[in-house]
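Asker: These protein sequence lines are chains E and Y, in that order. Our numbering puts the first residue of the first sequence at 1, with every later residue one more than the last. Our numbering puts the first residue of the second sequence at 501, with every later residue one more than the last.
Everything labelled a hint here was simulated from the structure, so no lab data went into it. All of these numbers come straight from a predicted model, not from anything done at the bench. Heads up, some of the hints might be wrong.
[Unchecked claim] Heads up, simulated DSS-like pairs for lysine-lysine below, C-alpha to C-alpha not over 27 Å straight-line:
#1 K7/E <-> K539/Y
#2 K313/E <-> K218/E
#3 K39/E <-> K504/Y
#4 K11/E <-> K511/Y
#5 K39/E <-> K963/Y
#6 K463/E <-> K504/Y
There are 2 protein chains.
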Amino acid sequence: MSLKLDKFKEKWARISRLDQSIAVLGWDMETYMPEQGVKPRSEQLALLSELAHEWLTSEEMARSIEEAEQEVRDGDYFSEEVSMVRVARRTYDKRAKIPRDLIARFARMTAQANSIWIKARMNSDFRLFAPVLAELIELNREQAEYLGYKAHPYDALLDLFEPELTTAQVENLFGELKTQLIPLVREITGRKGSPDADFMNQKFSVAQQEAFGLLVLKDMFYDFSRGRQDRSAHPFTTSFTPYDVRITTRFTDDDLISALFSTIHEGGHALYDQGLPVDLVDTPLCQPISLGVHESQSRMWENIVGRSRGFWKHYLPILKTYFPGQFDSVNHEQFYRIINSVKPGFIRVESDELTYNLHIFIRFEIEKDIVAGSVRVDDIPELWNSKYREYLGITPPNDAQGCLQDIHWAHGSIGYFPTYTIGNLLSAQLYGKAIEDRPVITAEIEEGKFHTLLAWLRDKVHKHGSRYTFEELVNTITGGEVRVGPFISYLKDKFYDIYR
Amino acid sequence: MSLKLDKFKEKWARISRLDQSIAVLGWDMETYMPEQGVKPRSEQLALLSELAHEWLTSEEMARSIEEAEQEVRDGDYFSEEVSMVRVARRTYDKRAKIPRDLIARFARMTAQANSIWIKARMNSDFRLFAPVLAELIELNREQAEYLGYKAHPYDALLDLFEPELTTAQVENLFGELKTQLIPLVREITGRKGSPDADFMNQKFSVAQQEAFGLLVLKDMFYDFSRGRQDRSAHPFTTSFTPYDVRITTRFTDDDLISALFSTIHEGGHALYDQGLPVDLVDTPLCQPISLGVHESQSRMWENIVGRSRGFWKHYLPILKTYFPGQFDSVNHEQFYRIINSVKPGFIRVESDELTYNLHIFIRFEIEKDIVAGSVRVDDIPELWNSKYREYLGITPPNDAQGCLQDIHWAHGSIGYFPTYTIGNLLSAQLYGKAIEDRPVITAEIEEGKFHTLLAWLRDKVHKHGSRYTFEELVNTITGGEVRVGPFISYLKDKFYDIYR
């Protein structure tokens, strides 16, 4: 008998379906919605978001969670039933602190911010975006106050993307990473390692790029009967349920590499979402643990797998057939080195594995100070550029290649970026464990076969949904906390080899 | 002071935005949703539909409408305020009769029926579709009982698509039309009029078909900043608000004509939706009057404009540039006659203006008897084919070209088809009035210019939203009721000329 739990699940399912509907409207907004659809879309999203919030934070839901807690109180901590009530409780406690009208204002503002950001980026003019960004930051600050925090208002925002993660923890992890990474980047960029990349300066058919990307996605077991790939201004993955997980990409005919690795990256995200427990659809457990865990999946596929020597042993000959005549002179080793060239650049999503995290440090520092109020929105472009000089030794030529490059702020997401680096750390730690458990993975990758790796990820990560917290997951799989060590070792092994 | 009315409008806006969200989910389902997305989508739609119904039929809404009625009781009948409350009252009275769970069951069933219909049609096997159709008809019967009717349960269903229209009225109109149309079809098909159509038996580039269709849509002033065209199994138009009105089409490389006129047809629908009063978005008035009025717009653009001699005077030379070498030998008169060949065929949407309504008579008769219970679902294929023999003298070779060709039943729509013929009648009646008011329209069409016609339609029809009923609109514009005469005159003028 689990009457109370069933009642709770029914209530939760309604919220879950509403959230799925919101996600469909969001996907449409970023892929196909016509220009003038923005205003009504923002009203639709405001309504549905407000409603989802109202249902989640209602007296009725509070009572239902309490009753379910009572009913399952003797169950195992990690049992399905106890876990789903625990996750619901955490979600409730957090969301109940935020007033309903803030949710609606947030939804309305972000729906409109999206198209303003696109325009600002196209015109490379931060001033177009600044007023709406200022409002979004104000909303975030307001949200942080409602949510509460111990040390820093940024803690409250971080917690929305990576539950329990604090600013101090990020500072510690990033501090340790920095002390190892910055000398490493200096050392590597001082060496000669990259061959001449002239062959990349060609035009590559977008249709062929797309076809090749689809081939790789299929090999990765991305299930197209449960998903699709479209185009958008900024690549993303969105999941309504494991039955409908969509990715987007963008192509240009002068950059084969960017679209390709972005496709594999989003494919990695999508595999996680497609692997969530379908028998728990519409319960609190059928969702990813956190953005950090999500990013560990996408970065593992993109970098550890996709940028490996083994991967291209299989795929370079195939790539050559997709672009006849364009890679004739290129051998496997050259190609491997090219896609792993370490070179400070302006664009985060196009950066190599070594410098990538420097981009994140910059965003984290700016966000933290903006939220604390010690930096003003208008100062962002200058601050951004000065930090690029400091960390990467380069100055962005304009805002489009500078502080307007990412969509996150337009989504109203402040506190999201650190999860990328957390994901990088975790990806190396998990992958290390995966090949320890299943050494055959490395050999399979050389044949374009990924079933053992995927099966391991499904078994260890995906199928549990949000039953574990980030810490519990990492501890269960690797015995301990997320660490800087495995990532640094991975980088050193890889790049000392390339840049001998 | 209009406190009560403002309160009412606020309440109504929420329902309206929810309906818009439902429409987005529906559009996605028929254009881009991956195969396995069906089941969760049906749950999302069931939830939102049930909710919209709950809000609309709530005690609170009933009270709000009553209070608004009180507040505006001294206003003019056709004033904005009085009209919007009147339309809300009609909608409320109708919907309040339907129990909430029926709405949810209906939404769930139709979401699933759509993909079953697509599969059945692809396999040309009615038996695959029969069980779900039987359930949908049962739901419709149940609905009719809740809604109530005087003479025939089909009355209640007709009323959902064409308010106030009764089975008896349809029988009268169709009876009169039949007595004039059937002899006319016989007479015309007995004559020689159509030239050799060999030049249509070519392959036409789908990309060029699409490009030409987009050109025509632009000329018609379909606003792409407020809409877009996609592909779907069955062409349709969907409108979220006048700011986002989308059409779909389908192309095959062996049928230029079908896709082209379907594009113009949906364009006609879309112009109506884009022309609805934007200052009344989210009120009961920002919607079309009925499907009959909607169809009068699409059929006017498709047939009276799109299949006219004048239209092709302008567009044939352009068409030739889109398909170089493929129409070299064709002159204007030949082309005009080809696109107006009268020939009984299996497919409604591909049929000529003369035989089109015979397809509707068949569907109307079958639907009426199915709802009355005198015909069983399993008997449909045979009955369908025998009626095609009777009315059109041909036997469909399979179900795909027979009773599975239309999407309407899969949408759960029974009582929809008669509105097509009503729309045909009205299109001729309205167009006659338009050229009486603005004789320049005919000459403009010969130059591919449609602004005077569109301005007339905007002024007489579109901008009023649902302020008038069907009868009020027809009476206001043409002084009288919808009549068979103008349509028959139009057909005789056109086809006696072609089939001299």
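Asker: Could you run down the list of hints and mark each one as holding or not?
Answerer: Verification of the supplied hints:
Between K7/E and K539/Y the alpha-carbon distance is near 21 Å, which keeps this suggested pair within the 27 Å criterion. Between K313/E and K218/E, the direct Cα distance comes to roughly 18 Å. Compliance with the 27 Å bound is thereby established for this hinted pair. Taking the CA atoms of K39/E and K504/Y, the gap is near 26 Å; set against the 27 Å cutoff, the hint holds. Of the supplied pair hints, the one linking K11/E and K511/Y holds, its CA atoms being roughly 24 Å apart against a limit of 27 Å.
The hinted pair formed by K39/E and K963/Y meets the criterion: a straight-line CA distance of about 20 Å does not exceed 27 Å. Under the criterion of a C-alpha separation no larger than 27 Å, the hint pairing K463/E with K504/Y is inconsistent with the structure, at around 52 Å.
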